[in-house]
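K.L.:
Chain by chain, the residues:
Protein chains: 2
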Amino acid sequence: MSLLVVGSIGIDTVETPRTRKENLLGGSAVYFSYAAAFYTQVRLVGVVGKDFPSVHRALLEARDIDLSGLEVADGETFRWVGRYRENMIDRDTLEVDLNVFGNFDPKVPAEYKSSEFLFLANGAPVVQRKVLDQLPKRPKFVAMDTMDLWIETARGDLTALLRQVDALVINDSEARLLTGQQELLRAGLSILDLGVPTAIVKKGEHGALVVSRHGHFAVPGFPLEEVIDPTGAGDSFAGGICGYIASTGDTSPENLRRAVAHGAVVASYTVQDFSLEALKRITRSDLDARYEMLLDLVRIPKS
Amino acid sequence: MSLLVVGSIGIDTVETPRTRKENLLGGSAVYFSYAAAFYTQVRLVGVVGKDFPSVHRALLEARDIDLSGLEVADGETFRWVGRYRENMIDRDTLEVDLNVFGNFDPKVPAEYKSSEFLFLANGAPVVQRKVLDQLPKRPKFVAMDTMDLWIETARGDLTALLRQVDALVINDSEARLLTGQQELLRAGLSILDLGVPTAIVKKGEHGALVVSRHGHFAVPGFPLEEVIDPTGAGDSFAGGICGYIASTGDTSPENLRRAVAHGAVVASYTVQDFSLEALKRITRSDLDARYEMLLDLVRIPKS
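Going down the list, the sequences are from chains A and B.
Take the first sequence: its letter number 19 is residue 477 in the numbering used here, and every next letter is one higher.
Take the second sequence: its letter number 275 is residue 733 in the numbering used here, and every next letter is one higher.
Derived from the structure by calculation, the hints contain no laboratory data.
Incorrect hints may appear among the rest.
Copies of the same chain are indistinguishable here, so a pair counts whether it falls within one copy or spans any two.
Said to hold, decoys possible - Heads up, simulated SDA-like pairs for lysine to any residue below, C-alpha to C-alpha not over 25 Å straight-line:
(1) K565 to K588
(2) K760 to R748
(3) K595 to R621
(4) K598 to Q499
(5) K661 to E683
(6) K571 to K595
(7) K760 to T706
(8) K760 to P655
(9) K588 to G638
(10) K479 to Q639
(11) K760 to S705
(12) K760 to S512
(13) K738 to T477
(14) K661 to I758
(15) K661 to I547
(16) K661 to E544
(17) K598 to M546
(18) K661 to N545
(19) K479 to D708
(20) K760 to T709
(21) K760 to R541
(22) K760 to D630
(23) K588 to T551
(24) K760 to R742
(25) K661 to P475
(26) K598 to I758
(27) K760 to S460
(28) K661 to Y542
(29) K598 to S761
(30) K760 to Q499
As the structure is a prediction and not an experimental result, all values here were calculated from the model.
Hey, can you work out the whole structure from these sequences and the hints?
P.N.:
Right, here's the structure in full:
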């Protein structure tokens with residue numbers, strides 16, 4: 459079933475302790491879409507500038523991502539420059555130019571309006587809400603992401619939006635910032651108190667802790683011998699989750715466990731190269747094979 | 459079956475952001491023994507000073523821990539003062555007085571010499587080795603811990619000892635220090651290259667990644683709403699692992715998965731109060747109940 463996503467599309471420059479790559483395709487909606495497209499039909503709402511390279515557009519189209527909601531505005535595409543520290547986890551933003559994304563006013567094309575699954579990738583809560591408000595019928599499943607900026611500057615809008623979605627995907631430090639709770643289980647429970655039924659707390663290489671009204675569960679990160687670039691891991695993780703849920707049409711708590719494991723698997727490929735490079739090289743069967751390895755990784759045999 | 463442990467016995471003072479507790483029973487061999495004693499008969503080799511309170515001795519005896527290898531030496535018991543930071547993970551050692559532990563020359567009582575399971579808790583590799591060398595027959599399973607101090611000051615002795623044991627239990631930062639590898643999977647694989655068949659890499663609240671010649675697996679930390687005092691978590695984790703293995707007599711790779719999950723469960727109780735307080739209040743059936751919860755936590759249903 460169709461999965462609609464709204465979020466950023468950007469041109470990234472990424473520095474790691476070992477290398478530097480310029481003009482990479484990035485952005486939350488891009489990583490999400492590309493990951494989700496392994497599982498289901500994806501429809502993207504976003505904005506780029508007139509400088510957006512046609513090769514990037516072609517890359518997304520090659521995975522059948524529907525770009526009829528991709529607006530090309532006067533001006534330049536969103537740009538981000540970041541540098542990872544030696545641990546390949548902490549990063550510093552060296553430069554952000556919102557450009558056309560700064561005035562982003564999302565418009566949901568008519569043919570997208572029946573989408574049954576929706577992901578509101580990281581962005582201003584008022585902008586995220588505009589997409590939800592344009593859908594005549596509430597989708598079967600709505601998830602969203604957020605970040606420290608919105609927690610600090612738009613908490614009221616954010617918490618109002620949280621009451622309208624099924625799941626919040628959020629990283630550990632932001633879950634702590636949002637709730638004031640140090641322990642992630644308590645942070646997750648506090649997020650439920652804000653009115654969202656499921657909190658998917660991302661822990662980077664350590665995977666995720668999912669706290670929901672139906673109980674909680676943990677999925678580890680898929681262990682890798684080398685991480686090349688962590689950028690987009692969280693967005694592709696969400697893409698794997700929502701893509702799998704949309705592909706099965708099953709929003710049950712049991713299926714969420716499978717979905718989060720798929721998310722961990724896609725994210726593990728994402729970080730094995732810059733931008734979408736590693737994801738470009740694989741197919742759904744690679745994901746399914748690693749998924750089976752993840753199942754074995756967490757297996758505890760009966761006594 | 460009997461499990462022999464050698465390590466430190468200490469009197470700790472622990473400061474957390476919320477409270478300070480003085481003169482707590484602590485030390486690696488104490489946490490290990492108390493945890494393992496839920497599963498099997500434990501024999502302890504260690505040293506205390508003449509100041510060691512009889513109430514502490516009575517506490518260990520109440521769990522049938524065999525103290526015939528506990529030497530009482532002239533002088534004072536090992537003392538440690540530590541302070542946890544706000545995240546309840548990082549800690550600073552404010553004071554260490556090795557006292558009688560500084561000259562510890564372990565003597566394995568005759569009745570301990572047939573022990574089939576052995577844990578060399580954190581200590582100087584030369585001291586750890588003395589215990590192994592006193593056993594006429596190599597135990598069925600030998601595990602050990604270590605710390606940054608020995609990695610930095612006694613690497614030769616440490617790596618020589620590693621070639622004689624079945625498993626190294628080591629925390630993440632120390633695994634990185636020992637191997638120079640940032641990614642824990644690669645650090646674990648590098649530990650195998652040092653000649654030890656299994657590396658159990660502890661990740662605190664995130665559980666453990668186990669890398670072995672038979673493949674690898676992950677066990678999460680048991681999520682808690684509140685951590686009171688992390689001291690002893692790693693040692694009681696090892697105690698749960700070795701205690702469970704000794705109780706079943708099964709050193710297979712499959713049983714190691716169950717054992718590590720039991721270790722995670724005991725460790726989760728340890729951190730719910732200072733010293734052994736939380737462990738004092740529970741029985742094996744509490745551990746088994748939480749073990750079932752842990753199994754459910756990691757469960758990913760078949761498609």
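K.L.:
All hints, please: hold or fail.
P.N.:
These are the hints, each one checked on the structure:
1. In this assembly of identical chains, K565 and K588 lie within 25 Å of each other by CA distance solely inside one copy; the values are 8 Å within and 73 Å between copies.
2. When the C-alpha separation of K760 and R748 is checked against a cutoff of 25 Å, the pair qualifies both within a copy, at 23 Å, and between copies, at 15 Å.
3. Proximity of K595 to R621 under the C-alpha cut-off of 25 Å is restricted to the intra-copy arrangement: shortest distance 17 Å within a copy versus 65 Å between copies.
4. Only within a single protomer do K598 and Q499 lie at most 25 Å apart by alpha-carbon distance; the minimum there is 15 Å, versus 55 Å between protomers.
5. In the homo-oligomer, the alpha carbons of K661 and E683 lie at most 25 Å apart both inside one protomer (18 Å) and across protomers (17 Å), since each shortest distance falls under that limit.
6. Proximity of K571 and K595 under a CA criterion of 25 Å is satisfied intra-copy only: 8 Å inside one chain copy versus 74 Å between copies.
7. In this assembly of identical chains, the alpha carbons of K760 and T706 lie at most 25 Å apart only when taken from different copies (14 Å versus 29 Å within one copy).
8. Proximity of K760 and P655 under a CA criterion of 25 Å is satisfied inter-copy only: 24 Å between copies versus 31 Å inside one chain copy.
9. For a Cα distance limit of 25 Å, the shortest separation of K588 from G638 qualifies neither inside one copy, at 28 Å, nor across copies, at 49 Å.
10. Taking the shortest Cα distances, K479 and Q639 sit within 25 Å of each other only across copies (23 Å), while inside one copy they are farther apart (37 Å).
11. In the homo-oligomer, the alpha carbons of K760 and S705 lie at most 25 Å apart only across protomers (16 Å), although the nearest pairing inside one protomer, at 31 Å, exceeds that limit.
12. For the identical chains of this complex, K760 and S512 are neighbours neither inside a copy (53 Å) nor across copies (41 Å), given an alpha-carbon limit of 25 Å.
13. In this assembly of identical chains, the alpha carbons of K738 and T477 lie at most 25 Å apart only when taken from the same copy (20 Å versus 52 Å across copies).
14. For the identical chains of this complex, K661 and I758 are neighbours both inside a copy (22 Å) and across copies (18 Å), given an alpha-carbon limit of 25 Å.
15. Taking the closest pair of Cα atoms, K661 and I547 come within 25 Å of each other both inside a single copy (10 Å) and across two copies (15 Å).
16. Proximity of K661 to E544 under the C-alpha cut-off of 25 Å is found in both arrangements, the shortest distances being 18 Å within a copy and 18 Å between copies.
17. Taking CA atoms no more than 25 Å apart as the test, K598 paired with M546 passes in neither setting, with 37 Å inside one copy and 40 Å between copies.
18. In this assembly of identical chains, K661 and N545 lie within 25 Å of each other by CA distance both inside one copy and across copies; the values are 14 Å within and 15 Å between.
19. In this homomeric assembly, K479 and D708 never come within 25 Å of each other (Cα to Cα): the closest approach is 39 Å inside a single copy and 51 Å across copies.
20. In this assembly of identical chains, the alpha carbons of K760 and T709 lie at most 25 Å apart only when taken from different copies (15 Å versus 28 Å within one copy).
21. Taking the closest pair of Cα atoms, K760 and R541 never come within 25 Å of each other, the shortest separation being 45 Å inside a single copy and 40 Å across copies.
22. Within a single copy, K760 and D630 get their C-alpha atoms no closer than 31 Å, and across copies no closer than 28 Å, so neither meets the 25 Å cut-off.
23. Neither within a single protomer nor between protomers do K588 and T551 lie at most 25 Å apart by alpha-carbon distance, with minima of 27 Å and 52 Å respectively.
24. Proximity of K760 and R742 under a CA criterion of 25 Å is satisfied inter-copy only: 18 Å between copies versus 31 Å inside one chain copy.
25. In this homomeric assembly, K661 and P475 come within 25 Å of each other (Cα to Cα) both inside a single copy, at 21 Å, and across copies, at 24 Å.
26. Proximity of K598 to I758 under the C-alpha cut-off of 25 Å is restricted to the inter-copy arrangement: shortest distance 23 Å between copies versus 34 Å within a copy.
27. For a Cα distance limit of 25 Å, the shortest separation of K760 from S460 across copies, 24 Å, qualifies, whereas the shortest one inside one copy, 39 Å, does not.
28. When the C-alpha separation of K661 and Y542 is checked against a cutoff of 25 Å, the pair qualifies both within a copy, at 17 Å, and between copies, at 22 Å.
29. When the C-alpha separation of K598 and S761 is checked against a cutoff of 25 Å, the pair qualifies only between copies, where the shortest distance is 21 Å, while the shortest distance within a copy is 40 Å.
30. Only between protomers do K760 and Q499 lie at most 25 Å apart by alpha-carbon distance; the minimum there is 24 Å, versus 39 Å within a single protomer.
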